[in-house]
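**Student:** Read off the chains here:
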Amino acid sequence: MTKTIAIAGKGGTGKTTVAALLIKLLSQKGVVLAVDADPSTNLNQALGLPLDDSKTVGRIREKMTDDVSKGRFSPSISKPEYLFSKIVESLAESKGFDLLAMGRPEGPGCYCASNEFLRASLDQLVKDYKYNYIVMDCEAGMEHISRQTTRDVDVLLIMSDPTIRGITTAARMKDLIGELRSKIGKVGLIVNRVKGELSPEIKKAIDESGLQVIALVPEDPDIAGLEMKGRPVTELPQESPLRLKVKEIARSLLL
Amino acid sequence: MEGEFHADMGPQYEGEAIRKEDLYIEFGGPKAAHKFELATVKSLDEIENEKVEIIGPDIGDLKPYDEEKGGGSYPIAVLIDVAGGELDKDAEAIIERRIHMFTNMIEGWYHMNQRQDVWMRISKDCYKKGFNSLRELGEIYILLYTSEMPIIESIQVTIITDEKKIEELLPHALEVYAARDERARTLNDEDVDTFYGCVLCQSFAPTHISIITPNRIANCGAINWFDGRAAAKIDPDGPIFAVPKGELIDAIKGEYSGVNTIEAEKSLGNYDRVYLYSAFEHPHTSCGCFEAIVYYIPETDAFGVVHREFKGETVVGETFSHMAGETSGGKQIEGRLGTGLEQLRSSKFIQADGGLARIVWMPKELKERFKDVLEKKELYDKIATEEDVKNVDELLEFLEKVGHPWIKGEVELPT
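Taken in order, these protein sequences are the chains called A and B.
Counting from 202, one number per residue, gives the positions in the first sequence under the working numbering.
Counting from 212, one number per residue, gives the positions in the second sequence under the working numbering.
Derived by calculation from the structure, the hints in this document are not laboratory data.
Treat the hints loosely; a few may be bogus.
Unchecked claim - Once the Cα atoms are required to be at most 20 Å apart in a straight line, the calculated DMTMM-like pairs of lysine to aspartate or glutamate come out as:
| hint | chain 1 | residue 1 | chain 2 | residue 2 |
| --- | --- | --- | --- | --- |
| 1 | B | Lys242 | B | Asp272 |
| 2 | A | Lys328 | B | Glu227 |
| 3 | A | Lys296 | B | Asp233 |
| 4 | B | Lys456 | B | Asp483 |
| 5 | A | Lys446 | A | Glu380 |
| 6 | A | Lys264 | B | Asp272 |
| 7 | A | Lys328 | B | Asp233 |
| 8 | B | Lys231 | A | Asp329 |
Isolated chain B (complex conformation):
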């Protein structure tokens, strides 16, 4: 089949980059205002199988990049429409990401980024060999998709270079990406078999391992489950690696046999149990990198949260750095939890202890940053900040006054 095309194909070309000196023309990238790529799962009757449509000027019609005058950057939209009995909406992101791999498999083509940042380059050599139409690119996509993903029964490709048309379609693509992100945020531990572990901080905290799951971001807030998956794929023996989750031991506290095993191994035998969603008994260890600390306030039997940027004293009279000294170092400390801030948005955030409803104090800045989730749970007005109270006595008064659900005994712990 490959003989039909003006370029060779194969995985050996995947790492091939095209520098400006070898550039014939580029689509998308930082110099093009409008660009995107989008895969859509449709029904069989909405697709004209193996059709390639080009809307707008083609490679041969466009002025190439010129070393003196520059130019040669053009807008682009790549639409991959697929149908198949086994395909559902969740497959769209995976199919769309394949555009990256498939384009890079073509000799003389370079593909970077994704979604509304897409960037493609074609080399001078490739053009010289006769690759002068995007139609050929579309045909290659169809060949590769149908041969590598048999789940696809029907496929059509539309490549648009007409800027007006791209601009018109872009808002829809952005909506699709946002909806996908929303779905990713609602991915749960139950939906996957593999968690990830990170020991990047073991030079500081030799017994610390961050467990990263769909419902739990790493303590530093920098690595979520998707990042873990990507990093472990690039370097499986590196500091970020796969953790088979094993048997579920306690769904509420978040205890898994696979996590316990890896905890024992990587903590040098110091800990062999960890609760992912509780600050009591076997809380997750803390390195030194956590974005925030969840700390127990005995007088209220509830928790405060303080983040690294907050320089003042918390309601218990300690600063973040003071508390961080006691919390860090890779130890399990009951009632002290180092955490990534995004964790406050997790549906499993200290769920065994009552979740967000058990938080009674946080800095004003945090309260504003997480206003949306707090309002949704009707907690925004119930949590005190440094502006409301100065010490635990005032905090207790405040909680009584506003009727904090935990203090009023309205929060039921899950069983």
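In isolation and in its complexed conformation, chain A is listed as follows:
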């Protein structure tokens, strides 16, 4: 069975960092499909992989749609097969994990068919490559989950900073889940950059949101240095607080 973990949150909450560390950790236990489902962050960079903008799923879909509408697409090559092969070509393969970038959402026009083919392709990919884990870095709107380009999710981790606004956003994302057609298993809140204790106001906001706190993550002094130098977060020392915390999260979720 493949376990699917989605990490979502608004920009600046450190979700990409946590996603990257979780991917690295899980890649020691099995093969991971890392999905960058947030076009505004760069999971690849956090993982230390080069970026190829032409190789996102969005670009592949756009190009196919464009080729079709201009009559350039071979009529005898089937589109489901074509999409699948281009997705395989776009995988950034690394040790213990492969990275797939979803890219930007679609423009105007009809994408029912191409998204349907995309869903089938992603299912096929997970089946053929026998991934043990899928870790998705999602943007706050969880576009790819709601469009069902991604499958059901076993664990959804919502990241927030220790602010009222952050918790409110996290609560809104939790409410969004009710509108999704995908099944979501466990939902948990991770509060990042916690200095000491949470303030009573924030504790109250969390209580009201109905979110279950999975972990409080302390500010990690090492991460700022790495980010300033543009180094992958996977270079964090083994005993860094953030890395240890991610290990703890994985253990508590029985991953």
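Once you have looked at the hints, place chain B on chain A.
**Tutor:** Coordinates of chain B only, in the frame set by chain A:
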């Protein structure tokens, strides 16, 4: 027989993928500039039966992929030449596609894509077990082809890794693919027994079903008959499924009993007849996804076409989105047809109503995009665009001036 080879074979290996960590060497794929595979039907005397020829360095001669240094990607061409009394040119594509399946049936081999995009991977394990020659691959192909396709009486396999030679042969392969595509474009409804239906858009238009035939692409323009066949094969109970075409009721209007049956079932009983090639009486329903709208202009007794990207007003003063609102929703609306753009190239495009010759207006961009077909039918100069006319009065004047064949009464409707 399988004991002769250094790898096990069988359908259980078909879904086996090879990740980079397990990769020994790869042929073709994104990192190799020149690669292709080609099946050719020849006459018996042109083939030396069961011959395998390797041109260029073999697996054992080539440097494998290295985790530190990379590399390990090489050009390849696979040529399958076959002969048999029952074989004709049309079989080539089918035989060629089998390379994909047969290669994937070998344990430790992975095959992706087709034609000039072919990509094969061999696993470290497979190499370790002694699979170090492409000759063995060729022999496996021969075994599988002759045992699974008895129609093949004689077969020879040539595998080339010499880049110069591949580069030299590639243009010929590209010509063959283009010719095949051309033939696919001329596949007709009469040539097949099965059409396909698509209800992907029923969440928006609950009574809409797109009928996909060799002469009719889905309204969204994304699914042609070949795609329908592929999708229905992967998931027969999915939103894209086979429609047995049944009895031909009207060849001109494009009415089939099988299509009517499925229309009644999937439209929740709202419609039980559909004309695939007419915008009148029982036109095809429209979802919301169509690429273009064919709309009747009463003053001219002819049609205009407008596509989604055209933001301005059409000659009747309505925009695409305005018209789309009235056309969509899975209804049969006489004189309003949502359509895929490629349909304009179909030989059966509203054939009962006069086809392309009954089109009097379309946006300039569309006219340019379909210039080739319009010129072939001598219609390019006869159709007005937003640059020529602003309203129906001007349109009528324009049509008179250029002598549009429909207005002049030169178009005979088929009977």
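**Student:** Does each hint hold? Answer for all of them.
**Tutor:** Taking the hints in turn, this is what the structure says about them:
no.: 1; hint: Lys242(B) x Asp272(B); in the structure: holds (19 Å)
no.: 2; hint: Lys328(A) x Glu227(B); in the structure: holds (9 Å)
no.: 3; hint: Lys296(A) x Asp233(B); in the structure: holds (10 Å)
no.: 4; hint: Lys456(B) x Asp483(B); in the structure: holds (14 Å)
no.: 5; hint: Lys446(A) x Glu380(A); in the structure: violated (31 Å)
no.: 6; hint: Lys264(A) x Asp272(B); in the structure: violated (38 Å)
no.: 7; hint: Lys328(A) x Asp233(B); in the structure: holds (17 Å)
no.: 8; hint: Lys231(B) x Asp329(A); in the structure: holds (14 Å)
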